[in-house]
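**Q** Residue numbers (UniProt numbering), protein chains in the order written: chain H, 1 to 404; chain G, 1 to 404; chain U, 1 to 404; chain Z, 1 to 404.
Read the hints as simulated data drawn from the structure, not as lab findings. Ideal Cβ placement from N, Cα and C applies to all residues, glycine included. There may be inaccurate statements among the hints.
Stated by the list, open to error - One side only, chain H facing chain Z, incomplete, derived with CB under 8 angstroms:
hint	residue
1	E69
2	R72
3	D73
4	D298
5	R299
6	S362
7	L364
8	S366
9	A367
10	H382
11	G386
12	N397
13	W398
14	R401
Below are the chains, spelled out letter by letter.
Number of protein chains: 4
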Amino acid sequence: MARKIGKIVLAYSGGLDTSIILKWLQETYGCEVVTFTADLGQGEELEPARAKAAMLGIKDIRIVDLREEFVRDFVFPMLRANALYEGQYLLGSSIARPLIAKHLVAVAREVGADAVAHGSTGKGNDQIRFELAVNALDPSLAVIAPWRQWDIRSRTQLLEYAARNQIPVPKDKRGDAPFSIDANLLHTSTEGKLLENPAEIAPDYIYQRTVDPVAAPDRPETVAIGFESGDPVSVDGRPVTPAALLTELNERGGRHGVGRLDLVENRFIGIKSRGVYETPGGTILLAAHRGIESITLDRAAAHLKDELMPRYAELIYDGFWFSPERDMLQALIDRSQGFVSGEVTLRLYKGNASVISRASPSSLYSADLVTFEEGGVAYNNHDAEGFIRLNGLRLKNWAARNGR
Amino acid sequence: MARKIGKIVLAYSGGLDTSIILKWLQETYGCEVVTFTADLGQGEELEPARAKAAMLGIKDIRIVDLREEFVRDFVFPMLRANALYEGQYLLGSSIARPLIAKHLVAVAREVGADAVAHGSTGKGNDQIRFELAVNALDPSLAVIAPWRQWDIRSRTQLLEYAARNQIPVPKDKRGDAPFSIDANLLHTSTEGKLLENPAEIAPDYIYQRTVDPVAAPDRPETVAIGFESGDPVSVDGRPVTPAALLTELNERGGRHGVGRLDLVENRFIGIKSRGVYETPGGTILLAAHRGIESITLDRAAAHLKDELMPRYAELIYDGFWFSPERDMLQALIDRSQGFVSGEVTLRLYKGNASVISRASPSSLYSADLVTFEEGGVAYNNHDAEGFIRLNGLRLKNWAARNGR
Amino acid sequence: MARKIGKIVLAYSGGLDTSIILKWLQETYGCEVVTFTADLGQGEELEPARAKAAMLGIKDIRIVDLREEFVRDFVFPMLRANALYEGQYLLGSSIARPLIAKHLVAVAREVGADAVAHGSTGKGNDQIRFELAVNALDPSLAVIAPWRQWDIRSRTQLLEYAARNQIPVPKDKRGDAPFSIDANLLHTSTEGKLLENPAEIAPDYIYQRTVDPVAAPDRPETVAIGFESGDPVSVDGRPVTPAALLTELNERGGRHGVGRLDLVENRFIGIKSRGVYETPGGTILLAAHRGIESITLDRAAAHLKDELMPRYAELIYDGFWFSPERDMLQALIDRSQGFVSGEVTLRLYKGNASVISRASPSSLYSADLVTFEEGGVAYNNHDAEGFIRLNGLRLKNWAARNGR
Amino acid sequence: MARKIGKIVLAYSGGLDTSIILKWLQETYGCEVVTFTADLGQGEELEPARAKAAMLGIKDIRIVDLREEFVRDFVFPMLRANALYEGQYLLGSSIARPLIAKHLVAVAREVGADAVAHGSTGKGNDQIRFELAVNALDPSLAVIAPWRQWDIRSRTQLLEYAARNQIPVPKDKRGDAPFSIDANLLHTSTEGKLLENPAEIAPDYIYQRTVDPVAAPDRPETVAIGFESGDPVSVDGRPVTPAALLTELNERGGRHGVGRLDLVENRFIGIKSRGVYETPGGTILLAAHRGIESITLDRAAAHLKDELMPRYAELIYDGFWFSPERDMLQALIDRSQGFVSGEVTLRLYKGNASVISRASPSSLYSADLVTFEEGGVAYNNHDAEGFIRLNGLRLKNWAARNGR
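Sequences and hints are given; from them, build the entire structure.
**A** Below is the structure:
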């Protein structure tokens, strides 16, 4: 990889780490760096990033609002699959990385850069997600991962580097290493420090977008989500854009303490790590989506989706969003969603988001079929006789053989 | 099936329906009927069943306490798989049927009966579960399912049959059809009546073993579950038997409104039905088991389990507990549980059962590996370089081809 | 199902069994019967079917050539999946049934019939395939299966019925029950009689479209199949239609004894049966398709297809061609085939169809990457170091724990 | 990896490459090297390896016959799964590596070595298989892979190194790079040179243990394989040990040209490679094992195995033999094999190994059930009615909804 690099596009947050990286790239490669900063709903002002980049000598500064694209083209397709990593995690970080990579690549092509750079560390999942996405989108682009390349080996050295290079260090970053936090419209994740002991109970102060259920309102709130072809399109009957919908559900869910998760998970690189996640809107949407599917999706379709979901979630977690296999699974999932339309009502209350009602113009639910009172032509009790008998035939044969 | 039946063992609850069935069997087959009544923790007195059976002329009346066997040999093996049907249902009814079938078969063999009978209706799952289990345990036994065979076609006819045969009808059964309820140590399920409209919000009065979270205590409670080789063995440090453990967790969970589920599910026979489930102890145990696995199970082992879980749960739901394929999956699951030992602490609060701490002598979690501070010999950042590059190699190749 | 039937469309072969069925339908339902006879390449004259139907009083006689549709819309989509039931069977009967059902339904709608009828027996798979397909295509249509309904219980009774009704019985059908044979452009299957003992060696005379490899030519023959987006489009460089292609490969493969299979398989209804299959063209196509995929399909895409193939094949075998789950799997499979283009050369020789060469303009094979001589920038040996180390990290951790 | 290495166990073949490696290890690490050479049935004299190692100064030379262990503990368990990688490859190389690794680790522990070394190159699969196996068996052992570490970069440099160090170079290794060949009792593989062009037809001279079918005998030969609990135990009625059985089948199959495969496959590291495989005995055994399973394995058990097989084969191919997930899958597979006993007869003829007969004392095949002649109590045609109707119920419901 001794390739000569002429221009680099850096995924730039405006924070301390990526500012140091910016400087290090300039020094190490001696070439122009273009910064790319995305608004994914992380809840921070982005204009300071512009000022900081300018101060560090950047000419081409890109700041883009990707919130609608994020929710529409990444979060919603994933929601169609009811994706949960390791049965619990809503993939809030994982799903944001390919979107950023997509835009890094687009900017790189536009400005004629031959490399992109990111600030993810060498032990995490995000480096993989960025790099595999770039590989799949433009195999000719180099990827620079300073955390794996430079000789900064500790927090102290990092702060020294900042001092040496006149990079301002915010007050709250001057002491010990902070928690490692990632935020976007789907979630906030918190890792590190005391959380590194999985037996240690997470203190309430680490949570950022949800209240402790204990502190949540004493009265439940009801919310109705409308779906069309698998995607949420309305809240309480009001049509809303994808990002507006998720923003509102985050706010309402967060207020009720919905969507907290304290998890030890398996990273792709082979180590276990503990994270605390807050995904209020996503938690509501997953429950609602399962709710609308429960009346509109055929049994075998639903079961096939359920069987493939862990694989699909694993692919996203591991960084294979842009890959033939995720693409194939998405085709299967999307094929199932045509009639997944209707409305689901949930009750939000002190950490719970519970489906209490569902209705759909394309429902497969039939009160006639299910009712305990026999009647109607649709179902004949005697059919069950043959159904059971032929399902049992091989078992009888097997049991008789085993007993011989 | 014109086989002559000489003696029948009936799964007898002592309730109205199975009492009518008892009478009908005597009339129809003109042979001795043996009743079998099991205590699965349904929370009802069973001695009245004895009296009622005696009154109906039964000589051989069996009443057995199966609570420990139920939890130890059925609930716990299923828990090892983290089984959830359709992503949500804890299979409380499904897992009880094969146990009852097992004992029906054992009694039939002991008393020389050539048939067993059950009181499940012709539209439900339970008929399948009973009959497939009997098929697999003794293919020579006939199974009699009066609800599919007799000409009683409505509730009115049922009550007339009871009146005609001097079968006492409890007061609460004299009016409209009641909810259809199933209860055992794992859960209570409620179906029918107004629940048959999936848009109708379930009223609180249908819940039986959990309080509404709104009415639950305002202060959280903490509970610690100890595991050995995948099975729960202690509560708050006290060793307890399987049934005692589940009983205690039901009580504590139920008090906090834990384990309610309002679901539209797909029956094996091909129709959708809506049920309300209360599984307080099971809900706690599932969270706890996932918690202890999170630190003791290897990633690939956990993911393989997750991918096969929906199939495993489907088999149990559909009635294939006694089948070669469930047996094979169980072997795979059990093989993974040898080191799934340790303790998990959960917080119970107003419907939530949240893991807050986990510890194990056989933990795979390594703070050394995960820490953000580099150091130690175990992990080398540069390894990630090659790891990502080779994972990306096929993607680059694929992307380059696609772009040609 | 006491529904009044006003007009029936019968899947009519012109043979003895369906002629008897025709008569029985007329007698039993007292309504008009429309016959539908399809040319699927079974290799029989169909005009005699017209004469026979006319003789039996049928006014509306439909005879249609479905060969191109069969291969293009049924065989080829299945080929894209490399479908093999139970690892071996190319699904030659299974894939023809939904096509016939589709046309029965279309004719029924056109002529205003309210039922369709088929001549499949009550123990086989075909009854299921016909009926599930009709259910999925027009749930309002009744399906009549005389073999399950009438009281003909033996071959003797069948012949008596024919005699009684002036239905001519061909000479070769007058003695013992013949082999049960099914043929179409994809295969010939033979079941019954001596084959019912799985230990009995099948005599050569039962084979119909392949020679015994021992009798095949002593010199190999080479054939080149061209593919575009997963489907075969040319033979030895000549563009050919789907049916023409399969016809030619049947002839050439059959001459070399390619595609014989002697198998005990599991029917959906729960019994094992033994069949002898001849699928010369299909066998060549499967090998060729795997060959072209081997250089054009990404590894993960190929492995995902391989993992889902048994399920896909099972669905087709069991009669679920027209179902949401087959449709979803097909979407996944088809999504993978865009670049599956190129040419594969095979050697046909005494039962073997062996890929000997493959080439593609969209190949993913890279001699630069694979060569034992190091060089080029694409692959760096040191990357393997990190790749292996991180793949091994969880194993080391696991082994260390197990050994503690 | 700055760890001080005190003693190394080298997987030593006695060939040129591993002799050079031996020398390089001595020079580079300045420590004692112990050689380990295994007889896996590769068909070479091993005593010359002893002489050569001695000549290179090795004191502790281990030569062990592992043929029975190889077949019994590695090949047979894999056969129980009917394992085929990418639908075709019998995993002949993949399955030998973990066995060698197991013995390298055992010797290392015995002699107190702190590292093992192997001669696999940096682009192949074998390096991964060796190293992951060592990781999983003894995480404290270092693994040395000279091909990834030294600065020899071409064949010329390799020969120069040999010359410089008085390592004799056999005549046939002096010119161009030879084919890359791997052989053991299960297979011979050939890669490299002209095979690196997948369009190039493999010449007959590269095959080593099979004749060209064209040159094979003109008369078929019959062979009968006896199985007990999933493993082959006899040939033509003679009980034989695992290695003797495979040796005999290799000889007989090879003589008939059975087991040739010309394949482009996907390596774990992400590149495609083309190999030519000869697996005569393994090909016969796979067909025979499927044959005995066809009459002794329940349908759902067989289908579950088929669905998991690709994953199982992938694990072996990728080097995860010693892993929790392979172990779990093996438990599932082995659980299914208890009744897989009986005898299968095959016809070997010019490249074909075709099952022609199977018989078992624990057969599930029932002529009574399958026969076209109705009769007996086991099967009632009317059962099919209800079976189909309930299987179709959801499809009718789905179709009706879709058409609304």
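**Q** Is the interface hint for G386(H) satisfied, with its Cβ closer than 8 angstroms to some Cβ of chain Z?
**A** 3 angstroms, holds
**Q** The hint names R72(H) as touching chain Z; please verify it with the least Cβ-Cβ distance against 8 angstroms.
**A** Constraint on R72(H) not satisfied, violated at 26 angstroms.
**Q** Hey, does the D298(H) contact hint survive, CB to chain Z under 8 angstroms?
**A** With a closest approach of 5 angstroms, the D298(H) hint holds.
**Q** At a threshold of 8 angstroms, is the proposed contact between S362(H) and chain Z supported by beta-carbon distances?
**A** S362(H) check passes; min Cβ-Cβ to chain Z is 6 angstroms, inside 8 angstroms.
**Q** With chain Z as the partner, please determine if R401(H) meets the hint condition of a C-beta pair closer than 8 angstroms.
**A** 5 angstroms, holds
**Q** Using the nearest Cβ pair, does E69(H) come within less than 8 angstroms of chain Z?
**A** Because about 30 angstroms separates E69(H) from the closest Cβ in chain Z, which is outside the 8 angstroms limit, the hint is violated.
**Q** Under the criterion of a CB-CB separation shorter than 8 angstroms, is N397(H) in contact with chain Z as hinted?
**A** 6 angstroms, holds
**Q** Against chain Z, with CB atoms and a cut of 8 angstroms, does the hint on A367(H) hold up?
**A** For A367(H), the interface hint is violated, since the closest Cβ of chain Z sits about 12 angstroms away, which is over 8 angstroms.
**Q** Checking hints one by one. Is R299(H) an interface residue toward chain Z, by the C-beta closer than 8 angstroms rule?
**A** 6 angstroms, holds
**Q** Do the numbers back the hint for H382(H), that is, is its least Cβ distance to chain Z under 8 angstroms?
**A** 6 angstroms, holds
**Q** Any CB of chain Z closer than 8 angstroms to the CB of S366(H)?
**A** Where the cut-off is 8 angstroms and the nearest Cβ of chain Z is about 7 angstroms from S366(H), the hint holds.
**Q** Can the hint on D73(H) be confirmed by a CB-to-CB distance to chain Z that is less than 8 angstroms?
**A** Violated: closest Cβ of chain Z sits about 27 angstroms from D73(H), beyond 8 angstroms.
Violation of the numbered hints given earlier is confined to hints 1, 2, 3, 9; the remaining hints are satisfied by the structure.
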